[in-house]
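S.K.: In case you want the letters, here they are:
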Amino acid sequence: MHQQVILVKGKVLMAIIVNQNTKVIVQGITGKQGSFHTRQMLTYGTKVVAGVTPGKGGITLEGVPVYDTVQEVLENHQVDATVIFVQSAIAKDAVLEALEAGIGIVVVITEHIPVHDALKFISYAQRKRAILIGPNTFGIISSGKCKIGIPPNQFFIPGPVGLVSRSGTLTYEISEKLVTAGFGQSTAVGIGGDCVKGLTFTEILKLFEADPETNAVVLIGEIGGNAEEEASVYIKEMTKPVVAYIAGKSAPPEKQMGHAGAIIRRGRGTYQSKVKALSEAGALVAEIPSEVPAKISKLLV
Amino acid sequence: MHQQVILVKGKVLMAIIVNQNTKVIVQGITGKQGSFHTRQMLTYGTKVVAGVTPGKGGITLEGVPVYDTVQEVLENHQVDATVIFVQSAIAKDAVLEALEAGIGIVVVITEHIPVHDALKFISYAQRKRAILIGPNTFGIISSGKCKIGIPPNQFFIPGPVGLVSRSGTLTYEISEKLVTAGFGQSTAVGIGGDCVKGLTFTEILKLFEADPETNAVVLIGEIGGNAEEEASVYIKEMTKPVVAYIAGKSAPPEKQMGHAGAIIRRGRGTYQSKVKALSEAGALVAEIPSEVPAKISKLLV
Amino acid sequence: MRIFEYMGKELLNCFGLPAPKGKVVSCADEAALAATEIGPVVIKAQILSGKRGKSGGIRFANTPAEAKSIALELLGANIQGYLVEKLLVEEKLAVDQEFYLAVTIDEGTKSPVIIASNQGGIDIEEVPENQILRIHTDAELGMFPFIARNIVRRLGLDLNNQHRKELVKAILATYQVFQEKDAILVEINPLVFSGEKIFAADAKVIIDPDARFRQKDIPYVEDQTETEKLAQNLGISYVELKGDIAVMANGAGITMSILDMLLYYGGTPANFLDISGGTDTETTARALEILLAKKPKVIFINIFGGITRCDDVARAYAKVKKECSDIQVPVVIRLVGTNQDEGKRILQECGVEAYTDLEEAAAKAVELAAYAPAGNFS
Amino acid sequence: MRIFEYMGKELLNCFGLPAPKGKVVSCADEAALAATEIGPVVIKAQILSGKRGKSGGIRFANTPAEAKSIALELLGANIQGYLVEKLLVEEKLAVDQEFYLAVTIDEGTKSPVIIASNQGGIDIEEVPENQILRIHTDAELGMFPFIARNIVRRLGLDLNNQHRKELVKAILATYQVFQEKDAILVEINPLVFSGEKIFAADAKVIIDPDARFRQKDIPYVEDQTETEKLAQNLGISYVELKGDIAVMANGAGITMSILDMLLYYGGTPANFLDISGGTDTETTARALEILLAKKPKVIFINIFGGITRCDDVARAYAKVKKECSDIQVPVVIRLVGTNQDEGKRILQECGVEAYTDLEEAAAKAVELAAYAPAGNFS
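Listed in order, the protein sequences are those of chains A, B, C and D.
With my numbering applied, the first sequence covers 1 to 301.
With my numbering applied, the second sequence covers 302 to 602.
With my numbering applied, the third sequence covers 603 to 980.
With my numbering applied, the fourth sequence covers 981 to 1358.
Every clue listed holds true.
Computed, partial: chain C to chain B, Cβ under 8 angstroms:
1. P747
2. F748
3. N752
4. R755
5. R766
The hints are simulated quantities; they were obtained by calculation from the structure and are not laboratory data.
Heads up, the beta-carbon is just placed ideally off N, CA and C, and yes, glycines get one too.
Please model the entire structure based on the sequences and the hints provided.
M.R.: Below is the structure:
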């Protein structure tokens, strides 16, 4: 996958996917979420070079020029990544616009995107060899370097822990505990809370394994789906330690997908199945969030 | 593009796209055209290893086993190429079936395929990096080695002339004249008579340029479209001589596509435009078919 | 959004896969009339639950009189927690062969998947692995007849051409409903041959709730309690549970985690309530009222402020406290993030001291619930 | 298959791009009635030809009486070889801005292409290159609003948001007709802004004749002579030309080449007839009758046998010769390929010596035509 190596004044700096030089645009910049988080990203130090909202081209928001189309942005700016804040019904159009224009990193914050739309734009991203994070993700943040998404700024400071998660607020919670315990994060990535996602746990874990700035990884999962079980296959091969926390131990069994879902999952998806797979792969599994910094502390100090 | 180099008993044998070892299946083998031409191909020496007709699996036709699906064929035979004889309405399904199964050479004989279907399967073939010849083509014949398609057997004998054409019977006519004049063909390829096609003139010319068995190329074109003008760009670069014949000098101007077509073609498409482009590129242009062997004769003898 | 069997069958029929001859009825006389027209029938309670057969929701009638008496029995009955309001009265088919067929989404491959088995009519989870086919399609390219033919072949059956064609048709129709109707599941179990024809004898269809805006011709089917509906109208997620500590938090993951934490410390959550979908003061106040109405022993609120502002939530609490003249239930609140100081100040004015540490707050909530008077808990 | 303007406009309207208010009429009273309802109107002859304006096929009427008199004049008239049977009576719009918009297929890129220009209303071939946009789409992925927005931006116009949205809508609708209706051309010239709204003021739509089997809701529109129709029903291609040597051959390329050859030798072809679509004896005999009916000076038949069998064609000749008691016109036949010897034998029995060399045969046909009595040629 993508490992960016950047030379700044002769020094090699690494980060997974994004870094301090990543130039970002915001699609849906004039909406409530888009404008709020553009301000937050700028405050964090992210190089937000432009925004897109059809029909609003020409204005400036938080000092960032707004365009009608992605194509027009690319004629005027160098762009590495885009973050999607548009409403769910038009998200497919926005994502395809970014991919078709050749943007290599697409972070889809929007939630409630129809899953058939997500299937199609994820497939198209693979064809275009682009990195797609989400949908329904908090985004990606390489501490102190670049934040693309919505995590609160104060809980992400540089440090040795890589963080990958399916859930936003839970990640902030654990991140805050880590920071309080003295552990910053190299990069934190939200793979997204929907059933189909662009980057998976495994792909992110591979990047952390190769990242010299990351010494340990925290994986935050949830019941449902196969993602944690599939990640466990790779965790077995990793040289870096992994601490995992899985939410949903007490949640009632999901009613919806029924038999066909069960057939796809083949017994996977439960809290027990995930904890078993992770433990067997050598990950340390925390029972409650506060156990995460404790386990990291044992590993890294 | 694809240049096949095959070692048989230590000797290097070349041909463009197909050769004496190419294993072929026939989709639509039990139809009138499919069965007739399967017999003809077998007579020519083509290695027809299987046929496909849904619902007819299990029978044998001309000694060739028939299956219901391409997938089933591939479980039982090694296959390099397929030739499509199914009726036009289901041609897209048959072509996609072959491509999805991973067959690398697809020759689409069927005519009257809806152009929107052709656009889609040609695009999919590109994605799968497969060679697609046609639709509405007579096929491909590497003289004495392999015939995939419908040309009459007797007019194709081994020789130094590469032949590429948009039209079937006209090709046989010229091929017969060449053979009578003592010039066999290395390979003859029909790019197809429809407005969108898989392989183009230029792609075939490149293969002939690289083929040690080909010393000169005959290009048989028609009025309409840009194909000959686009080929001329490459002919300029070729080291091997090209003789061209364009049919339709006396045809009334095409009524159909009107302005938009004209905008796409920008003045190209007429007899005059094609002859001018070809001549300027260094091709010798024959006025009537019988001039073709005469010009080849001058070049090669 | 799961839809009723008869609706799923109508969709399948639109794309060329028929159901047995049948009628949807909502009174016993209609059931009798349908049986008069059709002959021997199967009568199926239209509820949003599987395993109706085991709960008496699927019955057979040979005469109109029998149909009427069964309908009288079923209509208005409660099966697996669902009120039976409609019945599907359908021809009792002579079944020659049964299949399982479904199309859904495989999150592992990020693509649609067709699941088929020649072991139909029984619970597919009980069918041996090696008798279940899983065929993935390309999300962009979609479905083609050749894929259906491959499935039919790989089912490994000795079928005549007519039956093969029928099965191909059924697979294409099922996939089309999945594709065109934004379904996340279309499941037919069993798919049956009766004579030369194929029929969907059952249909379970779940429509992607996020795609309802463009599937307006599919009627909205309700599968929620009154409180869940109320919450949905507010744009927030609410699920009722059986414990005594009411929970409000922002974010699905953290809310789930809080339920786990309460159990970890020995408590029991009364609900799951994620307010991240609507976080202004007014919506939060309404959400709080939902919790109060359930009369829990303790209310536990956790706000990790991002776009959700701590002061908004604090103001919501203050507002509800004032409107209800007083909140009797003890409330444990933990606030962190955007505008947390202002939020804590507002809460102090209401006499509530906000926590900063989540585990400490959760443990406190469990402790309060353990000592609360039993009568408060409905 | 080109369809009438009003049909194209109906299709566009189905996908969200309206035409000006209008009515299709086939008598003068209806035209007057339409003008009464609509007000000042433009009356457009519905014929399958462009440049109607220059031939008087597009007229304006301010009153119902004017509309009636124009309709009387146009209905039944012959414009550019077409009989006017229907008129489109349409509101005369106040036009603020005009565009050219088309979607067709670019054979070079093997993909759909959208062509747009802000120089609408005039002949697009006269618009300078740098004012014409060509945007290609991915044949598999299709069209999306962002592509339309890119086109609108690149048109380089100073439009307000309402106008931009209207233009995006128009582009999407035009593309959808192209995609959903198997069109090979959808051309709107001009596309106009009238106030805040956009309208298709004209529509030229050509449907892929090979896709008619799945576009059954689009009416069949005839654009052929009686003889061409007859040929089409036989499954063969026939085009009338103005010369005196009737031509029958198998294969479009070779048939075109034969026309060229006849001209090369100083003759003139009377038609293009490619029998490769139907090559049995019966069809070939019927095709031969079509040629005979046109009373040419010479009939020239060239068969290069492949799947077409020379003996079938020879038998067709023998059959027609017998049925017509005799064929008066000289016939030059060249036979090569499948069953050529049997074919030649049959022809010899009819007293015709078949040629083997094409050019020799073509030269002979020209020679015979030059010496044929003039009266034979109608």
